[in-house]
Amino acid sequence: MDLNYTPAQQAFRAQVRAWMRENVPGELPDYDTWEGFEAHRAWERKLGDSGWGMVTWPEALGGRGCDLIEWLIFEEEYYAAGAPLRLNQNGIFLLGPTLMEFGTDAQKARFLPRMARCDDMWAQAWSEPGAGSDMAAIRTTAYRDGNHYVINGQKTWSTRARWADWIFGLFRTEQGSQRHHGLSYLLVPLDLPGITVRPIRQLNGLAGFAEIFFDEVRVPVDNRLGDEGEGWAVAMATAGFERGLMLRSPARYQATARRLAALYHAHPDAARRDPALRDRVAAALAATEAYALSTYRTVSQLQAGGRIGPEASTSKIFWSELDLALHEAALAILGKEAELDTPEARRWMEGFMFAQAGPIYAGSNEIQRNIIAERMLGLPR
Amino acid sequence: MDFTYTQDQKSFRDAVRAAFMVEATPDVVREGWEHASGVAPALEALIAEQGLTALSVPEVFGGLGLSDTDWALLTQEFGYYAVPDALLTTSYPAACLIRELPDAANRQQAWLPALSEGRLSVAVGHPLSPLVGDADSADLLLLWHEDEVHAVWRADVDITPVASVDPSRRLCRVSWNPSSASRVADAGAGRELWQRLADRMALAIAGEQLGLTQRVLDLAIDYTAQRKQFGKPIGSFQAVKHLLADVAVKGEFAKPVFNRAAYALEHGHPNAGAYVSHARLACGDAAWLAARNGIQVHGAIGYTWECDLQIFMKRIWALESAWGDAAYHKARVADWVLADGAAGPGVTFA
Ligand SMILES: Cc1cc2nc3c(=O)[nH]c(=O)nc-3n(C[C@H](O)[C@H](O)[C@H](O)COP(=O)(O)OP(=O)(O)OC[C@H]3O[C@@H](n4cnc5c(N)ncnc54)[C@H](O)[C@@H]3O)c2cc1C
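The listed protein sequences derive, respectively, from chains A and B. Per the UniProt record's numbering, the first sequence starts with residue 1, numbered consecutively. Per the UniProt record's numbering, the second sequence starts with residue 1, numbered consecutively.
By construction, these hints were calculated from the structure, which means they are not laboratory data. Heads up, the beta-carbon is just placed ideally off N, CA and C, and yes, glycines get one too. Among the clues, some could well be false.
What the hints assert, rightly or not - Below, a sample of chain A positions facing chain B; criterion: calculated Cβ distance under 10 Å:
| hint | residue |
| --- | --- |
| 1 | 2 |
| 2 | 73 |
| 3 | 301 |
| 4 | 304 |
| 5 | 308 |
| 6 | 370 |
| 7 | 381 |
Could you build the full structure based on these sequences and the hints that come with them?
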C-alpha cells in the first residue's frame with residue numbers, strides 16, 4: 001500500500017491544473033438546449049484538440065496514453081476547475097472502452113479520434129418500450145441484406161439523441177432468436193433515411209432524451225462491433241466499466257460535496273434549527289470520500305492485473321445513493337427556499353431531480369441488488 | 001499510488017485464517033464462555049504459536065517490528081472468527097504503546113520479549129473505555145491518569161467484573177492509586193501515546209467489524225441457500241436477496257475507508273484520527289446492518305441460543321460503542337469534513 005502520488009503524477013496534476021485554469025469557460029447554458037449543446041460541443045473540441053478529450057486513449061487515437069490513476073487525477077482537476085459536464089460522456093466513457101476491447105483497428109481509427117473531439121456525438125440505444133430492466137427482451141430487428149443490416153423497430157430513452165450524430169446499441173440480427181441470443185452490437189449514424197428521432201421532455205422540462213424509430217434503415221455490416229449474434233457479450237463486457245468506474249468518477253461528486261459544504265456554512269441558521277443537519281451533511285461528505293477511496297482501490301486492483309467483477313454493481317448503488325444524499329442534504333439546508341426558482345436553489349433542485357434518475361438508469365438499483373446477490377454472493381436464482 | 005496489500009501480508013493473513021478456521025470454531029468460542037478469561041486455553045496458545053504476539057514487537061526485542069497495515073487484514077480475521085479481544089489488544093495496540101514509550105528501555109526489555117513470546121498479557125484503560133477489557137486475566141495494566149501512562153500489575157489493583165451481552169467479553173471496573181512509581185510516561189508524552197493507542201484500538205475494532213460483517217453474510221448465505229419454504233430455497237426470494245445485497249454494498253465501501261485509516265495511522269498522517277473514526281462509522285454501519293438483516297433472514301432459528309449467529313451478532317452489538325461511541329467518532333469526522341477546504345475534488349490524498 002502506498003497512498004502517495006509519484007512525482008510524475010504530481011507533475012501531471014500541475015499540468016492539467018494549469019491548462020484548465022487557462023481554458024475552462026464560465027458556466028455554459030444547459031446542454032439539453034441548442035445553445036448549450038453548441039457551447040458544450042465547442043468546449044469538447046477544445047479539449048480534444050489539446051489532447052484532453054479522453055486521456056486514457058493512445059495518442060494516435062486522440063488521447064494521451066495515460067493510465068487510470070492519471071485519469072482520476074485528470075477528473076479531479078477537471079471538476080475542481082468547475083469545467084462543464086462532458087457532453088459526449090456516453091461515447092467516451094461507455095462506447096470508447098468497448099471499442100478498445102472489441103473494435104477492429106479500422107473501427108478504432110475511424111471512431112475514436114472523432115469521438116475525442118466530439119466531431120461525432122454519441123447516444124446509447126439499448127432501451128425499448130418493452131425492454132427496460134429486461135434488456136434481453138429487445139425486439140428491434142436488423143435483418144441481413146448482403147453487406148447491410150436493415151433495421152426496423154423502436155428505441156427509447158436515448159440520452160441526448162436529439163443532438164447526437166450516432167447511436168450504439170443492441171439489435172436482433174437473428175430472426176426468431178430469443179433473449180440474449182442472436183443480438184448484435186451496431187453503430188448507427190442518425191442521419192440515415194428511415195430514422196426518426198422524437199425528443200422526450202424530462203422532469204426539468206428539457207428534451208434530454210429521445211425515442212428513435214427505424215423504418216428499413218440500411219447500415220453497413222462494417223458498423224458491427226464484435227461478432228454477429230455476440231452483441232450481448234460485447235455489451236456486458238463493458239457494463240462493469242460503466243457501473244463500476246468510468247461513468248461516474250468520484251470527482252464529480254466531490255465537486256457537489258464542496259458546494260454542499262459551502263452551502264452548509266453559508267446557512268448557520270439552518271444547522272441551529274435542525275441539530276441533525278450537521279450529522280447529515282458530514283455523513284454525505286464522508287460518503288463522498290468513501291467513494292473516492294473505493295475508486296482508487298478499484299483502479300489499483302485493475303493495475304495489479306485484476307478485472308472488474310460483479311462488485312461493480314455495489315458501486316452503481318453507492319454512487320447513485322450518494323448523489324441523492326448530497327442533494328437531499330442541500331435541499332434540507334435550503335428549507336422553504338428549496339422549491340423556489342432562485343439561482344442558488346434552482347441548481348440544487350435540478351441536481352436533485354437528476355439524482356432521482358441515478359437509481360433507475362445504468363441498470364436499476366434493484367437489478368444491481370439481484371446481480372450482487374446472485375453473482376457476488378452466490379444466492380440461488 | 002497503490003491500494004493493494006503485499007503478497008506477504010496476504011499470505012500471512014491466509015495462514016492465520018487457516019489456523020483460526022480449524023482452531024477458532026464456534027464451539028471453541030463457546031468453550032471460552034465457561035472460562036474466567038473468556039478464551040479457551042488452546043486458542044490463547046494458538047495466538048503466540050502463530051507469531052501474532054510478536055508482530056508489533058520491535059526486532060531488537062525478539063519480535064517482527066511490523067505495524068498497522070500489517071495488522072489491518074489480520075484484525076478482520078479476528079472479527080470473522082470472533083476471537084476474543086484480549087488476544088488482539090495485547091498483541092497490537094498495547095504492544096505498540098509499550099514500544100513507543102519514551103526513555104523506557106528497561107521496561108521494554110522486561111516486557112516486550114515476554115509479550116512477544118505470549119508470556120505477558122496486557123490490558124488498557126482509558127476514558128474512552130472506562131471499563132477495562134480483560135483486566136482480570138491480564139498480567140499488566142496500562143492505565144490513563146490525566147494523560148499520563150501508568151503501568152500496574154494486576155495484583156496491585158482492585159477488579160470488579162461487569163457482565164457484557166457478549167459472553168466472550170470480560171469488562172472490569174478497576175480501582176487503583178496512581179503514584180510516581182507507577183507512572184511510565186508524563187502527560188506531555190502521554191497525550192500522543194494515548195491518542196495513538198485509542199486510534200489503534202478503534203482501528204482494530206473497525207477491522208473486526210469488517211470481519212464480522214463478512215461472517216454474518218456467509219452464515220446467512222449458507223442458511224438461505226439450504227432452508228426451503230414454498231418449495232424453494234429462501235435465498236431465491238428477492239426480498240431476502242436484497243437484504244443481503246445491502247449488507248454487501250456497505251461492506252464493500254467500508255473496506256477502502258478502513259485501509260486508508262490503517263495506512264494513515266502507520267504513517268502518522270495528520271488526519272489519521274479522523275480517518276480512523278470514518279472507518280469506525282463505515283465498518284460499524286456495515287456490521288450493524290449485517291446483524292439486523294442476518295437475523296431477519298434466519299427466521300426463528302436466528303433467535304435461539306443454539307444458533308451460532310448469536311456469537312457474531314452479540315460481538316457486533318458490543319463493539320458498536322467500544323473505544324469511542326458514535327457521538328465521538330461522528331464529531332471527529334464532522335470536524336474533519338466540514339473544515340475549510342476538506343471537501344472537493346483532489347483532496348482525498350492531499
Ligand atoms: C435519465 C435517464 C437516462 C436514460 N438514458 C438512456 C439511454 O441513453 N439509453 C438507453 O437505452 N436507456 C436509457 N435510459 C433507460 C434506462 O436504461 C431504463 O430506464 C432502465 O433500464 C429501467 O427500465 P424501465 O425504465 O423500463 O423500468 P422498468 O424495467 O419497467 O422498471 C420499473 C421498476 O421496476 C423494477 N424492476 C424491474 N424488473 C425488476 C426485477 N427483475 N426485480 C426487481 N425489480 C424490478 C425496477 O427496478 C424499477 O424500479 C435512461 C433512463 C433515465 C431515467
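Consistency of the hints with the structure:
At a threshold of 10 Å, the smallest CB-CB gap from residue 2(A) to chain B is about 5 Å, leaving the interface hint in force. Because the closest C-beta pair between residue 73(A) and chain B is about 8 Å apart, less than 10 Å, the hint holds. A distance limit of 10 Å between C-beta atoms decides the matter here; for residue 301(A) the minimum to chain B is near 7 Å, and the interface restraint holds. Checking residue 304(A) against chain B: minimum C-beta separation of about 5 Å stays under 10 Å; hint holds.
With a least beta-carbon distance of about 12 Å to chain B, the hint placing residue 308(A) at the interface is violated under the 10 Å criterion. A least Cβ separation of about 6 Å between residue 370(A) and chain B falls short of the 10 Å threshold, and the interface hint therefore holds. Contact between residue 381(A) and chain B, as hinted, is supported at the beta carbon level, the nearest pair being about 6 Å apart and thus within 10 Å.
Taken one by one, the earlier hints fail for this structure only at number 5.
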